[in-house]
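With the hints as your guide, set chains G, E and W onto chain S.
Chains as they are written, first to last, in UniProt numbering: chain S, 1 to 331; chain G, 1 to 96; chain E, 1 to 252; chain W, 1 to 171.
If you're looking for bench data, these hints aren't it; they were derived computationally from the structure.
Every residue, glycine too, gets a C-beta built ideally from N, C-alpha and C.
You can take every hint at face value.
If you want a taste of the chain S side facing chain G, the calculated C-beta under 8 Å gives, among others:
hint: 1; residue: 39
hint: 2; residue: 93
hint: 3; residue: 96
hint: 4; residue: 97
hint: 5; residue: 103
hint: 6; residue: 108
hint: 7; residue: 109
hint: 8; residue: 110
hint: 9; residue: 312
hint: 10; residue: 315
hint: 11; residue: 316
hint: 12; residue: 318
hint: 13; residue: 319
hint: 14; residue: 322
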Amino acid sequence: MYAQMVKTGVDRIQSSEEMSPEERAFQERIDADIKIEPKEWMPEAYRKTLIRQISQHAHSEIIGMQPEGNWITRAPTLERKAILLAKVQDEAGHGLYLYCAAETLGVSRDELMEQLNSGKAKYSSIFNYPTLTWADIGAIGWLVDGAAIMNQVPLQRCSYGPYSRAMIRICKEESFHQRQGYDIMMKLARGTPEQKQMAQDALNRWWWPSLMMFGPSDADSVHSAQSMKWKIKINSNDELRQKFVDQTVPQAEYLGLTVPDPDLRWNAERGHYDFGAVDWEEFYQVIAGNGPCNRQRLRTRVKAYEEGRWVREAAEAYAAKKAARAQAKAA
Amino acid sequence: MTDRKEWPLWEVFIRSQHGLAHRHVGSLHAPDAEMAIKNARDVYTRRNEGVSIWVVKASDIAASSPGEKGPLFDPANSKVYRHPTFYEIPEELGHM
Amino acid sequence: MNEQEALFEYLLRLGDNALILGHRLSEWCGHSPALEEDLALSNVALDLIGQTQLWLNLAGEIEGKGRDADKLAYLRDARDFRNLLLVEQPNGDFAMTMARQFYFDAWHYLQLQGLTGSKESRIAEIAAKSLKEVAYHLERSRDWVLRLGDGTEESHRRMQAAIDDLWMYTGELFEADEIDRTMIQAGLGPDPSALQESWLDLVRATAEEATLALPQPGWAQRGGKRGIHTEHLGYILADLQFLQRAYPNAVW
Amino acid sequence: MTGSLTQPDLGQVRTWLQEIPDPEVPAVSVMDLGIVREVRWENDELVVAITPTYSGCPATSVIALDIEAALRAKGLEHLRIERRLSPPWTTDWISEEGRRKLEAYGIAPPAERAGDSPSPFDRFLRKPLVVACPRCKSENTHRVSEFGSTPCKAQYQCRDCLEPFDYFKCI
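Just chain S, same shape as in the assembly (with noise of 0.2 Å):
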């Protein structure tokens, strides 16, 4: 997902008992479904795991610009080039509300730039991965953007105001981001033998890395544990993982394409998909920053903020003289 593996800094779930009366308090409105506001009093944890997960939110969306941003210049006909770019303006937008979400809670955007430009702060695996052709660009709108929404869309119910309404925003305005990508995959598929062999290798070299970005199986997690607790967090990966596939396959089916997965099969008795076994190895590194892309993109985006430093002051300066000017003035 977006935010992956948030950790919450608690090794226990406490018991009613054990809290205190705040604390207590705290999670009866969260139990009533009374949401959080920002000035009001939450537990060191929960503002921490928040910032974590939202700046993770955040960054992600920011960071993924990269790749489709890629080709916003090389799209093959002048409304795809529209479309891309209305898409990648949004994910600089979400950034920005999330950005605006995490400051509620007592952090500035810049200490959560400069986190991610240290490389301290994670984002997504998913945008570790090059974009080689232009099926790529609709096999993230497709499969990645589909990815996100499974996530986001119970995210509207978390319990965190200011996270809430970024997401309710968030998930209106992305409603096309999913369909255009199929629409671009549907185009390529019923295309030319060239388009419909580049669609394939698309899904090929994207549909391990989607189900990654629902992260490691967490059933046993007391992290997870924890942010379903405090409805930050309202699925477990597994499920939304299971979702996926099952939402999915009949979707590349229509498509005629193939799932690279030899063990994909339909379990009856289950009513869902079997899938085989992602490769967590994988995962781990990309993660750690050996992924195909982590230092070109961190070094992207570096470069962006430093180039911009300049702009960013003599904006602040031109400001501070111009409220100078009219003080003067009215004196």
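Frame of chain S, contents of chains G, E and W only:
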């Protein structure tokens, strides 16, 4: 964290096409009010959401303290006579 | 060249300006000085891509050879492009991009304003729609010229360098050639030379407010309108047209 | 039952509405200001559509009440006031008659049309807005404050006759 200055945070209020009052839609960073309005246009009205924008520096907003919710808002609960439904009007009089 | 041929050429100029500048601005997406600016520059680029479609589709219609906006954008070589040299200049730093944008927006606004009076109603309609968009572009680019010109020492230096560097590409904006004259006579478009005074008024006043020194009028680079470009255009097209060229006749 | 048996024609209704003053600027009527957008019969019910000058304008309910009272006094029984928020009210809807009345009352009417947004060239080059003094017609005036007695007005003063006056801002 160095104490380097960051563009200040602005809260954005938008009056939508058919809405009555300006509604808080989110926030953003901008060096000054002019740019804040323009940024708000680009960030929060990409889908034709608004006809009027207000921006206000986040640091200029004075907010009620969440801990005082009770004293601030509970007293209004007991003033039911402020609501039109408090009064019973004979039906034959019709709408009032 | 008859009037219809001249009109086709003229529409290509309008469309190509929007196309190439839109392309340049889209290169910024994800690399801007602030997230807010990513969104803003993309909006301007999106407006320009939209305008490209309108102008080039109309051009294709006037030409009558079955070419639509995509065919014109993706399947012409550099010598057949008719955009101004100014818009194909590389993004450079943010000051360079904003100086280019300001020079262009100020001219673009006046040009579109003139076109709203075109006798060809479709031209007038597209111009009226675009004019609103460009009024906003001009607001933004002017904002940045002021902020960078009168910001810090570094931003002032960079903005001064940018307006100096690009100055020689502004002469072409106001030169009327045979095609322009045909358009003026037919009441289809404004006289480019008549736009210069207003343009200079605004550019001068803005430079002054931004504490920038405007270069002296001097030798102007020209050629874009006739298809003689700078080397940069070829690279733009290599990027822009890659897929259409690599997979001829595919539908995307 | 005192209501008239025949429906008065709409021209007649408009004449009656012409007499209802705006609660905030009594010199002009709700018709002059363009607040009344439509008058129509729906079977035997008269419908008056009004658009508040700005949404949330506290005077709106007063206006609705005034209209209702005035028309009832004319014998109209079945009537309904319809609030119309879109398109929003603009000063462009003030009639010529209304502008004259405003000026006679000492309020300078909007100097430009909201519909045609001014060219950025004019704004950047600071061709200032010319607001003529409603008293002596001099154009030598200056703005004292962006806000006047109501949010829709700004305060001006004439440099020639020294008259302070309200300017109806263009929205």
